[in-house]
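Just so you know, the sequences run in chain order U, W, G and F. Sequence positions in the first sequence follow the numbering used here and run 1 to 224. Sequence positions in the second sequence follow the numbering used here and run 1 to 224. Sequence positions in the third sequence follow the numbering used here and run 1 to 224. Sequence positions in the fourth sequence follow the numbering used here and run 1 to 224.
Take the hints with a grain of salt, since some may be wrong.
Copies of the same chain look alike in the list, so a pair counts if it works inside one copy or between any two.
[Unchecked claim] Here are the simulated DSS-like pairs of lysine-lysine, each with C-alpha atoms no more than 25 Å apart in a straight line:
1. 102 - 68
2. 101 - 155
3. 112 - 4
4. 68 - 101
5. 112 - 101
6. 155 - 4
7. 102 - 112
8. 4 - 101
9. 68 - 155
10. 102 - 4
11. 102 - 155
Hints were generated in silico from the structure; no laboratory data involved.
4 protein chains.
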Amino acid sequence: MNWKTDYRSFYYQGAPEPADLNLRPEETALLTIDIQNIYMHLSDDPAERLRWTPFHDRMTNIVIPTVKRLQTHFRAQGMDVLHARIACLLEDGRDRSLSQKKPGWNYLLLPKDEVSSQIVPELTPLHGEIELTKTTDSALTGTNLRLILQNMGIKNVVMTGIFTDQCVSSTVRSLADESFNVIVVEDGCAAGTDELHQKELETINMIYCHVLSCDEVIQVMGLQ
Amino acid sequence: MNWKTDYRSFYYQGAPEPADLNLRPEETALLTIDIQNIYMHLSDDPAERLRWTPFHDRMTNIVIPTVKRLQTHFRAQGMDVLHARIACLLEDGRDRSLSQKKPGWNYLLLPKDEVSSQIVPELTPLHGEIELTKTTDSALTGTNLRLILQNMGIKNVVMTGIFTDQCVSSTVRSLADESFNVIVVEDGCAAGTDELHQKELETINMIYCHVLSCDEVIQVMGLQ
Amino acid sequence: MNWKTDYRSFYYQGAPEPADLNLRPEETALLTIDIQNIYMHLSDDPAERLRWTPFHDRMTNIVIPTVKRLQTHFRAQGMDVLHARIACLLEDGRDRSLSQKKPGWNYLLLPKDEVSSQIVPELTPLHGEIELTKTTDSALTGTNLRLILQNMGIKNVVMTGIFTDQCVSSTVRSLADESFNVIVVEDGCAAGTDELHQKELETINMIYCHVLSCDEVIQVMGLQ
Amino acid sequence: MNWKTDYRSFYYQGAPEPADLNLRPEETALLTIDIQNIYMHLSDDPAERLRWTPFHDRMTNIVIPTVKRLQTHFRAQGMDVLHARIACLLEDGRDRSLSQKKPGWNYLLLPKDEVSSQIVPELTPLHGEIELTKTTDSALTGTNLRLILQNMGIKNVVMTGIFTDQCVSSTVRSLADESFNVIVVEDGCAAGTDELHQKELETINMIYCHVLSCDEVIQVMGLQ
């Protein structure tokens, strides 16, 4: 792909190419959100399982390896690797925001110590890395991440995780509104369907972030 | 339309219908965002003007009359009518967030006292109504709206404005994360294209809000 | 003491007595801040140790037993007991706010897993209780406590902890600005000197909180 | 005075002198809070008027001239001059936080367009300067000031206004927790009594801010 010209929606058709990115290591962090055991669980209902097969395939074959690869590169450079996950602090979930208390797909009762709420084993945070829990979709609204990133001197956030159109989009929008420069890694994210993933990337690209492939991030940052 | 079954994306296909809404007047406010003169301006470039004709038509014929109608109903019941618009406090725009400082479509230099940044004449706030300026896309991130609404005892926010996939979606996501119950009025919003509008409503419906038509809002709230 | 007439500063001299408190159990939480091992540590410098003796005596003989007593009462009623402590997430403390990075008494490098940053053994949180870490003095500015309390339906916060004129005062001010009804337990708090403690209680009483003794809290809430 | 050694409370007795300040003009703003007409109003009750005479004298003879002098210097250098005042957006004050709704001295019903809520004539903001209204004591909790200052690249805030132990202290604490470097101008602030003013400056100095005289600020910044 070519991040300077791809993923353009109606608003940016014909707009000039963006300037080159300048992601200084001490000002750049990698953030991964919500790649938790629960989302890798296969449904007992065969129809549901089939419906979610493309998502699970993408997670296993593309997203998780991509995030792992980026984490390895960032750690090798001494750059910050952060993790956020959906988890409530109270076992009965009273601390959750309304968006996670309402019935339906986003109804989430994931107490912080349960296995289902943990980050998947392949991406378990290393000792000393920041891991935040949230009961909101935006990782900024429901945590102290904004303040922490500013205290750390971080200006650029490289985003990975799920789901592109939900927590990823909400977090990207919050970060951009808080004046962070956001990079979304297209092969480091997934949505329930590939169409939702693609459409959301078009929606947020150029206006709230720049969408790059993992290869492009590595090249732009000189991580090879 | 039927708000209980329409605008379902992949995640909510086959999900049960949501419960009836209980929008008590003293806990419900109408919020309109970013219907400002600048967005009704017709480009001097004929190709650009043509490209934006469907949006302008929708604004003039559907969105602005719908918002006006809802405002009239809310005012008649003594309910709160709030307004937000994009505008910077400094004439040089240094107070803007990065998402509105970067080159491109969302580059916005709209000093608060300039005509282009004002709300369109048809929807001018009445004396005594709250009008907020913001230099962010989410009306929560860049203002004190969250605190104000809570102080006023508001639990339900009826959302209208533009653009569905940008400031409307960002604001809806922030409101839901802050535990407000959000109603998005589908004929009270617009995006650059009808497809973007429809897709975004599917993305945010059920998870961050309920999408209703103006007629449905009026019926559900017993405003006739 | 008499909470309706005591701890009045210049501004409230002669002001009418406040109305009775109505602290419904399901809307009331107990919050204790910063009673951590480090603050119970005795200095190796005899002069420093002597200077801090009144504080340590008060902590051991009054504050910690008072907090313990309140926690026991709150737990017995099924009410929420929350804990906050100063601790950074990164071992090098880059995530700390400037107020805790600057040289001096408030320079705090307390990584979250170190013994010195833990809550004192007498007040160790029970399994399932909320424990927050912060790198700020106000427990609201540096955490998601405000959102969590609102999600839990908490309207009244009973405050205990240290130091009265620093983190306690900052947190009380933030809570009041966020429209929580705040009770400060005078024998559940301490400052470096008794004079600082008394003066701060006068400063915040009536305007940001009501200052009660533990006995008064127990009586007002009918906890006996 | 000598800002490096004065206004020390118990915690900082014997602590080393702080390092020199480096207040770069493009990163430094002047903020004045709550010097509004209502606070200059003389009570009809002779006893009340007498009680408040020292405050009014200090405001007229010291604080307002000091703030004016600083504003003139900052404007001459092209530095940002900001203003905050207590004012509600709704005439019935429903948008106020609880700390300003409760009966007593801090009960404030100051609709934003009323004369009593305006900044005093001597300090009226110039066209183009930022003026914020708030219904909280901290100017950060109740406005978008934190975001605006960060967007403007401000790192140092020079604070003036009233009352030292209330809105000034609350704002200073919020700013420090948000990692701003705060300077409080001792002759640019006032409390109900001189003792409250002095005690509060000791409480916040070194830990949340540095307390300087106007002369010291001018000298340190090279504004002469």
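Checklist line | Unsatisfied constraints (hint numbers, rising) | finding: The structure conflicts with hints 1, 3, 4, although it agrees with all the remaining ones.
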